[in-house]
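S.K.: Since chain A is already given, all that's left is putting chain B on it; use the hints.
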Amino acid sequence: MSDFSDFIESPRSACALAGALSAIGNLPEVIPIIHTSLGCGGNLANSVAFGAGYLGGGYCSGGAAPSTGVTETEIVFGGGDRLAEQISSTFELIDGKLYIVATGCMTEMIGDDAAGIVSNFRDGVKPILAVSTPSFKGDSYHGYEIALDGIFNHYLPRAKANNPKLVNIFGLVPGYDPFFRGDLEEIERLLIALGLEVNTFFTPGQTFENLTSAPAAALNIVLSRVWGLELAERFAERHATPYIATDLPIGPEATDGFLRLIAQRLGLEAESVIERENEVFYGYFERCADAFCDGDLKFYAITVANSTYAIPLSRFVSRELGWIVLDTFVTDKLTAEQKAALDREHPIQFVAGVQEIARAINRDHPKGGGQRYFDDITPLYIIGSTLEKRTAAARGARHLSVSFPAYDRFITDRGYAGYRGGLHLFEDLIGQIMSVKS
Amino acid sequence: MMSYYEQSAPPPRDSRLKIGDSYAGNARGLVDCGRDGCLLQKGRGFWQTNACQMMLSLMMAVTVENSLIVIHAPGGCGAMLHPLSAQAAKGKGRRGKTPAAPPWLSTNLTEADVIGGGERKLRETIEYADREFRPEIIFVVVTCAPSIIGDDAEEVVRQTRSAVNADVVSLHCPGFGSRVVASAYDAFYHGILRGLELTPKPWVDSRPRPGGGPATELAEKKYQSRKSRTVNVWNATSIGADDEDEVKRLLSALGLSARFFAEYSSRDELRQVSEAALNVSMCNVHDDYILKYLDEKFSAPYVIAGMPIGFRHTRQWLLRVAERFGLEKEAAALADDEEKLARKAIAPFVAQTRGKSVLICGGVVRVGAEATTLAELGFKILGIRAYHYDDGAEPIYADLAENLPDAPVAVSNQLFELTHQIKSLKPDLVISHNGTQGYIAKLGVPAIQLFSPDGAFFGYTGLYRILRRIVFELKNTSYRDRLSQRVRLPYRQSYFEGDAFKYIKN
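From first to last, the protein sequence lines stand for chains A and B. For the first sequence, the working numbering assigns the number 1898 to the last residue and increments by one with no breaks. For the second sequence, the working numbering assigns the number 509 to the last residue and increments by one with no breaks.
Chain A on its own, in the form it takes in the complex (with noise of 0.2 Å):
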């Protein structure tokens, strides 16, 4: 069940159309038209509105986002007629600044020429693209690359003048990084910090000129070794703008590195805001020392998360927590050049399905059974999605759900990255064990 065309258990993703509708609905303004039956953009939308710290839906995305809704007499006969009406329609009756057609499985295996309709429709007033999304070309991963190259690498034009102090943020996936809003936040004001302006694209706070102004940036920043890179090399060879990928950051140590790592590439000065920030949160991490240690809150940790989070999360509890890292499961599915360009400061371990993870848990740590002396791995805390509750209780570990799916909690503006991050994700680990206290 390695194998990147194997089937999956409970998949931790869905396809790139999904990926695409998630990217598109968080972008400010931007209108999805979903080229499928009518049932795709809804499930979809559904399992990150309900399934990734319940997102919900925004302007025109979850139920709202158009849909052509093609049935037998479409797959029979094509498409393209009632995409085009459906284009008309939505022009007509949808606000936005700029439409995206985004295909599926059944459109593209009857032949339906999306991009060919869409050309038609290029008028100049109503901005519209087509991207081919269907789910057999990849995960939900894929989707957001997909969607983000046709947005940046096709439609919008080169950049006539460059900013130098202004940078774009790739590589957090919304929903499927369940705390992206969160995160990018945090990297943004801590950007803003050393005089940056950010594009972080997918936050409330962001607006449709954030994306008209990105081919301008002087840099942007992958907040991961595998998604968004491809995206940046393609950005890189239409804009001109170089890319840097580096690890997500979470607590001080990390948000240090990355802070100088920054300033050393665009010739800024780092270490005033890297004081000020450690300062702030020492403030607050000082004082949970007595709890934390008064408590014997220290832990074995394994972390169950996609590539970009989970090896941030082992290297925050170790280095920060002192805890004891057994395991770090890799969930989400990498060709061996992406699995190359992950850090292996934790043996990582390229397992997603549920009942494989709690198998190869068992298999390598296996239980005391009542013995008196036997070195097992309690206290053991598995970092991990909602699917990880129940391996956890069949270990007797504690759980924080922090990679998708994640319905046992609700998320807004929370994020672990940086130092802000840092405190959150503590706050969390730590929260878990009080609330069962009365």
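Calculated from the structure, these hints are not laboratory results. Fair warning: this is a prediction, and the values are worked out from it, not measured in the lab. Each residue gets a CB set at the ideal place from its N, CA and C atoms; glycine is no exception.
Chain A residues, not near chain B, derived (Cβ > 10 Å throughout):
| # | residue |
| --- | --- |
| 1 | E1669 |
| 2 | R1725 |
| 3 | I1784 |
| 4 | P1807 |
Just so you have them, the derived chain B footprint on chain A, three or more residues with Cβ under 8 Å:
| # | region |
| --- | --- |
| 5 | 1470-1477 |
| 6 | 1525-1539 |
| 7 | 1566-1576 |
| 8 | 1588-1598 |
M.R.: Showing chain B alone in chain A's frame:
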């Protein structure tokens, strides 16, 4: 009907019944349009995404005990199962069963599979699922992609049946097969009736055997006597445990023993389906497909008599069940008694809600029953919005045409039309289907759920709770009032100046 049951895949409801999802007018017009077929011709020039029959098929399958779902699809279909399985686990717990979420697997069809076929992968997935999880039932959900490439999923299912421990049940429910989500009921029941045994198995299920002497003879008589008072009541995702409890309570009061199928049942329980005197529907558009099958197969009679919502519909539903047992007088007395108690209980709520205007939106039978119920209690019905319409709903709409001839009736599951109606009709309250509540809140209008698996809506308990919930909602609407001031809608203002249903085509 029998010819349908013999096919490997069920007919989409569109080819079995006169059906539609786009209409605006009134109840009489809808009944006529359904009869003469004009409904079939209708569609829209603008659509918003919704749900599909695969999603509802999954919602039903995920409730079945000790089952596992294999979705034969690319990786996205079924993503909704994450939050759905949590709800199903809760539903199991509520019915005294282990609150476990069933495992599910996707065959994860890739480009190569779409070209080369996914049958091998399907077989491997079923075999792995059986080996690894040891379920009693494996549901194989056949979606759009394999249906288009022509995978013979049925042949794979047939072959694996002999190779795996589990019973393998195929659910053919490609989303493009029908825009009408309710088609899933047929898809689900088709799978159940073809893939599972619905009658006791000799030597497995305990049953008195003939020829065993006086003791067995007595046991057999007892068994038959019990069976003659046992009714199967057919549930659905929209019908929660509290509603089942209410129905059970009322049928028990008539001396009948009620069992609920097929959601939240196990394989063993489903083998008892044939061992009942009567099959009873709780909604005209849910289960006629399987009830007619059981009639043809086991000569088991059935009753389809609307939905037991409100005094009049509940009484009628009870009487229709009771008359099969010669218990009409008892049922009428029971209804009299229950109504007396309930009327007293709801009186304070009725006083507070009299004259309130309401827009009702959701499943075709429920919205019709709810509308007449609330109208009888003094509400003003501003509009009725049914998610779809088919022949099965005709009795409800004939009743509606008689009782609320002027109420606007639309067949629509579309949010933009709902938004227009709310803005133009300005109801005091919206009663609406799950999945719309957030959107309604953003319009600043008080609203309650039309149904919820966690609430009670049926019979006398349900009516009390509906009214109590309405009064509760109206006690404080500040959240919506404030939220709506800051929400921008995606629809252009010009749309709200014209007809809500301008995109419906004939």
